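Asks: In case you want the letters, here they are:
There are 2 protein chains.
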Amino acid sequence: MAIRYPNGKKYTPATANAVAKPASLSFSNRGKTLEDELNDSNEYYTSRGIAVIHKKPVPIQIVNVRYPARSAAVITEAYFKTASTTDYNGVWQGKYVDFEAKETKNKTSFPLQNIHDHQVDHMSQVHEQGGIAFLIIRFSLLDRYFVLPFKKFIEKWTRMIDGGRKSITLAEVEEMSVEIQPGYQPRLDYLQALTGIVEQTTGERIERQES
Amino acid sequence: MAIRYPNGKKYTPATANAVAKPASLSFSNRGKTLEDELNDSNEYYTSRGIAVIHKKPVPIQIVNVRYPARSAAVITEAYFKTASTTDYNGVWQGKYVDFEAKETKNKTSFPLQNIHDHQVDHMSQVHEQGGIAFLIIRFSLLDRYFVLPFKKFIEKWTRMIDGGRKSITLAEVEEMSVEIQPGYQPRLDYLQALTGIVEQTTGERIERQES
Chain A
5 MAIRYPNGKK YTPATANAVA KPASLSFSNR GKTLEDELND SNEYYTSRGI
55 AVIHKKPVPI QIVNVRYPAR SAAVITEAYF KTASTTDYNG VWQGKYVDFE
105 AKETKNKTSF PLQNIHDHQV DHMSQVHEQG GIAFLIIRFS LLDRYFVLPF
155 KKFIEKWTRM IDGGRKSITL AEVEEMSVEI QPGYQPRLDY LQALTGIVEQ
205 TTGERIERQE S
Chain B
5 MAIRYPNGKK YTPATANAVA KPASLSFSNR GKTLEDELND SNEYYTSRGI
55 AVIHKKPVPI QIVNVRYPAR SAAVITEAYF KTASTTDYNG VWQGKYVDFE
105 AKETKNKTSF PLQNIHDHQV DHMSQVHEQG GIAFLIIRFS LLDRYFVLPF
155 KKFIEKWTRM IDGGRKSITL AEVEEMSVEI QPGYQPRLDY LQALTGIVEQ
205 TTGERIERQE S
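Chains as they are written, first to last, in this note's numbering: chain A, 5 to 215; chain B, 5 to 215.
No lab work stands behind these hints: they were computed from the structure.
Watch out, some of these pointers could steer you wrong.
Same chains, same label: a pair holds when it works inside one copy or across any pair of copies.
[Unchecked claim] Pairs of lysine-lysine, DSS-like flavour, derived with a Cα cap of 25 angstroms:
hint, residue 1, residue 2
1, LYS59, LYS85
2, LYS106, LYS59
3, LYS106, LYS170
4, LYS106, LYS155
5, LYS60, LYS109
6, LYS85, LYS60
7, LYS170, LYS109
The model shown is predicted, which means the values in this text are computed figures rather than measured ones.
Here chain A stands alone, though its shape is the one from the complex (with noise of 0.2 angstroms):
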């Protein structure tokens, strides 16, 4: 059974995140999550000295641990909390790299109640300190992915805080985004479509850099 954090959001184990699966495993998408793909890009961007990006771990709330001698300490009774920040952060050649990854079922649109106002607010935080904010949303159906900047996501967000829809639709997403071509080597190189985002936003021409 599907395990599921307090406000409904799937839970993904944290050992999916924690094994290393060579990036050569990469180009065949069968089962894997977004997570799984991107877990993957982030290794092989270490590896290539291109970028060092981890996810965040799962927060928990301890309530109980036992100790027992000569093992482990043993966490027995602890519980999901809602994330105060994204999931995915690090640095770029020396740009601070923040984002959000969301996966829908829904072939039309993109709803706007995958994110926290939490998630937001740090967004807009990060935003406002320079960093690069955005969010990388699939279509798992359509099997779409898009790099959609910070920017842009609050303009719908804006728009629903005022009354208005509460989902950002396809056509839109395709419009304010740049779409990410699932590849091998890395399977998601969301990295190559921000250059476009940062360049068009900053005037500031980046080589890619690999080592």
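Add chain B to chain A, keeping to what the hints say.
Replies: Chain B only, in chain A's frame:
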């Protein structure tokens, strides 16, 4: 009884981090851990728009979860994992900041066993990417705090790898670091200490921005 990581490091429940303490309580250090002091300081930085820096959740390996009807999922078996990165990271005026915070009861030196290989690897990768990597070291019994840049730290780490001493003497820490004078708001103004270090290494002038 104190809960400890597999490596023997004392564990402070996530609850302690989660609870938002008004900065006005930060001045007294009675029973406060370095983590509490840093969380208070980071809250202050965020509230003033100076920086957005957070502690990462404690990495947990979840083995069993119960999912009672009509109530939140309960984790019934889980274990602490050793972190693959440092504990704190974030963005400061567009710059990526990444650090590990450690306390020692030792009065004369900082034992390097407090740091894991993979954390050193991570800080090294961050440094390569143009991020600002450093350590914050507290000598608890001396009530002294130091900001130690990674570039300096790695010299002594390498000395150990090459068969040298397994610690950094207090004198060496004093010589290589910028000392923080604990204050009121923020409790530990480590970004102020960092300003000098960054300007020194990059020649870049940093204006403190507050909102």
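Asks: So which of those numbered hints doesn't the model satisfy?
Replies: none
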